[in-house]
Amino acid sequence: MEPFTVHTGVAAPLRRTDVDTDQIIPVRFLTHSSRTGFSDKLFHDWREEPDFVLNDPAYAGSTILVAGRDFGTGSSREYAVWALQNYGFRAVIAPRFGDIFRGNALTNGLLTVTLPSDIIEQLWALLESDPGHEVTVDLVARRVRAGELTAAFELDDNTRWRLLDGLDHIDLTLAHTATISDYEHRRRPALPSTALLTG
Amino acid sequence: MGKTLAEKVWDAHVVRRDEGEPDLLYIDMHLLHEVNTPQAFDGLRASGRTVRRPDLTLGTEDHNTPTVAVDKEIVDPAAREQVSLMHKNCAEFGIELFRLGEEHQGIVHVIGPELGLSHPGSTIVCCDSHTATQGAFGSLAFGIGTSQVEHVLATQTLPMGRLKNMAVTVNGSLPEGVTAKDLILAIIARVGTAGGQGHIIEYRGQAIDELSMEGRMTVCNMSVEAGSRAGMIAPDEKTFAYLRGRPAAPGADRWDAEVAYWRTLFTDEDAVFDKEVVIDASTLTPFVSWGTTPAQSAPLGDPVPHPEAFADPVERAAVQRAQEYMDIVPGRPVRGLPVDVVFIGSCTNSRIEDLREVARVLDGRKVAPGVDLMIVPGSMKVRQQAIDEGLNEVFEAAGAGLRFAGCSMCAALNEDRLTPGQRAASTNNRNFEGRQGKGSRTHIVSPAVAAATAVAGHLAAPADLT
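Residue numbers (our numbering), protein chains in the order written: chain E, 6 to 204; chain B, 49 to 514.
Just chain B, same shape as in the assembly (with noise of 0.2 Å):
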């Protein structure tokens, strides 16, 4: 019987197998943060182990940074110390760390495949469930705890059961103004916050051959959000075109004999999925988020469901508790609903085409009075493309500056973040309850709804502009 994508990679990177036993994987490249990564150190040097493979291991400064001014201190000194803990210890253990206001700085899977390090075919891990992003290279890519990245620096293996095998099949094209973070969210509407529990879920079918890479990096950044620790698409020639020429991409020597080896990395036509989901990408229109998952989405202009349409009592008690947390009626859209804060950024949608798409809406237009726009790249090379390109103008006329790079307001443990109360429209991954600060409203949207909220100054598609 044939293998699937997964499979292929999954048992390229098997070190020892036994039965009754979890497979043990080989890590090719080990990507670490300064949040969920000092207890790990910690451990570290309790038991007087050191780092097996420091050449496989890069560090990077993103989720507690400022993205105002760089050359400042760190405001929050838990953070600031944090910081200063991440420099300490890949110092000490020999990690090569791209440090804040730096070249490659910048989100930790935005950098990963800016710098060619996401390999088709290779494992990827990091202390971040978003790691899932760089599965859109044909990488297996997952998120670790901290106890797990203390055993990738000490082994630079990891003990993992097997992973069942789904398929999300999306036919036909998206129509025009239909983004790739649209399509995530109706996925996830779809299968829910758990379709993808247990499985990697590889993306498949015509709708995901004609994203572009970075279309392709924003749904798999996402299949964690379908209860997913992985998603992947099989390497084509957009993924070698991308790949080719970066830092860390094979060298002209072995350019030839990767590509040969990626081309072998696809689901055989006998290979058998546990799951399968198929989409037709033809009928879908923008998608927002209304409740307090990601599951919790419906077409931007579609009417919020009554908690009485939930046969079960549960649920049903979930989505009145969102509704209520969200202050929304049901039975109403959330198209309308008046915004402000617009974050546009996370390891979602940072990325030089998501900011074009900001521009190509923000352009000739202003930020609607009250409504704080903030623009926040995934690196620095994004945000020195975005300058180049002269997109800082556009941002700039229409009232918002482009920030330094980080994981800002997704992640809010920066001084970005909501206050109580306060409802935003958000290009990032999670609407949870006080994700992006205590008692903070957040619709997930694309980075065009996003800008076509600024505008409006409520949720709207960069249609509803006149």
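Bound-form chain E, shown alone (with noise of 0.2 Å):
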């Protein structure tokens, strides 16, 4: 995983709530089986509405999503993040995310940045007045700067730490293979198999 500590781009103001996976990359584009190859498919039927924030060339090659609450509701599709990262976007702040979500993106070294609803409208405004303004997000000092405007979020230090490190959850977890093991001894004999569906 790419580590992820203080990054500066053109933010995009996806002015809309209750953003759901099916729109950030509609269920028909789920038959491709890798996780690259997305970029065009990210909001896709969106993007045919000329009036679509990101078909306005101000923000071109933006790194940064700043949408309404309720962002990544719906089907847990890691899809949808990587849709998100293969179009290049390296965080997504909103006042809110849909759990599964926000634990795939941060699973996958995507950012997400809860700021209250005043301060996402502050940023639409400067983004909108501004097209093309840049925003630092900063998992460092756990800070988002835009212009005037300076906002702290929070971030559990688990996760800012694995995120600074580009740490994988798997490896973490196999360090504990022996402590796995102890549990399995001590489980319950009676929890099902596959073996008792096929003898």
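It is possible that some hints are incorrect.
[Claimed, not checked] Cross-link-like lysine to aspartate or glutamate pairs, in silico, EDC-like; alpha carbons within 16 Å at most:
(1) 429/B - 55/B
(2) 486/B - 161/E
(3) 323/B - 55/B
(4) 56/B - 224/B
(5) 486/B - 375/B
(6) 286/B - 401/B
(7) 212/B - 55/B
(8) 486/B - 135/E
(9) 486/B - 50/E
Because the hints were derived from the structure by calculation, they are not lab data.
Build the complex: two chains, separate frames, hints provided.
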């Protein structure tokens, strides 16, 4: 996983709430079996609307998305995270995220930044009045900076440490294999196994 | 202080707990389907890792699969490739897979309970948010992403930050003609699409106790539509009776000991919930979604709200956009809106009781001209049972056939999908823009309302039929 420390880039204002994962990447593109190749599928149906924010050349190359509350609700499709990353996004800022999406994003190194709605409104106003404006997401200091605006955000120490170092969850867990084996020895023996289904 | 049901199950699965770190939870059963998994297997191969417990892992084909003919090649080459990758990956890593057309094949959350895999007090994960369905058995069951699938395959564990506890208490009894689906839509309309975020919801109270296991599955299924990862219901005699004798249920030698343990799985009286919602079941009527989130729902006969009724400008804009997309008129009910397609299926409502309910409404009636009624059972077992009970004859006499098992138009990843502008009454769980096909308009309803709508040709409850 690519480490995330401090990132500065063009931010796009997505003035919509309840952006579910079906909108981030429509289900019909999920038959593709890799983690790459989704950049032109991101927000596919909305991008057919001429006034959709990502169609504005001023936001071309944007790497930060500023969205309304409940971004990434719906299906547990990690494709939504890959599509955002394939397009070039490194961080999404919103007042609230869908739980599964947020977990998927942080696992893949896409930083989800939770800021209150009034700060989001200020960011939207800034980005709309001055399209192409850059925003800095500083994970070291846990701050977002844009023009005169500075806002602190929260992220637990463990997730922050993992993102800063680009650590892989599986490697971290495999260091505890002996503990997992210990648990398996005291686990209830009557729990189901597929052996019961196939004889 | 006492513990909630969720805390009891969680604590029993902690492999490792350390200050400042997420808990490492043991996973008792890992279910897989063909979408959201190829990348996880690629990851295992790339790192030279194996599957730690293939015996606690089960795959099925459900999302991309056809429902009309299961013996022909899948038309879409990408879907065909994904199903074939599932076959190849499961074979390579020694994982049992139920394939299209086989006896146990079906929607992953339908076959889990049907096979008796969903033990009270167990942890169940799957690459699908509606894994929450299996919380109806008092298990902790939740959806995970592809990277987490890879993690569980490699380690049989998952690092998880603690979730909060939320109680949804449903007092009183549901009136005649009001179902589990109406109840969960009413709950979501009350708490909102984000009301359960960061929480595990426990459903409790008289109306929940009175639901059948299938009704409880419908309720827990849509927990994710209220923003929650998981929904749970404490196991009781109905739970034990449902599980007894199923293939993966405990055998006679262990049954009593397991039931004795399962009886300890309830929320202690002095346990504290972080959030509580109380609903009076007796006031409910059939519910329907009018917008593009499941929370945008109302009683079938109620007028749809005006955008101006919402003070928050962002909310107002969202409602306006939803109403334009759905082509509905604020101030008028959606009852009476003509539909093109009625879909009965999905992991929310495709079990045998759902099909019986549909047959009850369709019996002696015909599907309205111009309406396409699709009935897709959740599993091949459900399909066989519907045939054994003669339900398929009722469906055929009404003008609809019984299809083969799969997610069908809920996921709209196979050929079953709406064309732009088409309106559907659907028993599935999501009505997002484009969910059932680009430009599709979905009204989420119960099986009874779906069947009545198919007969009337427009959104209607069984009570509206003459």
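Status of the hints after comparison with the structure:
no.: 1; hint: 429/B - 55/B; verdict: 34 Å, violated
no.: 2; hint: 486/B - 161/E; verdict: 39 Å, violated
no.: 3; hint: 323/B - 55/B; verdict: 15 Å, holds
no.: 4; hint: 56/B - 224/B; verdict: 35 Å, violated
no.: 5; hint: 486/B - 375/B; verdict: 15 Å, holds
no.: 6; hint: 286/B - 401/B; verdict: 15 Å, holds
no.: 7; hint: 212/B - 55/B; verdict: 9 Å, holds
no.: 8; hint: 486/B - 135/E; verdict: 33 Å, violated
no.: 9; hint: 486/B - 50/E; verdict: 8 Å, holds
Hint compliance for this structure: hints 1, 2, 4 and 8 are broken, all remaining hints hold.
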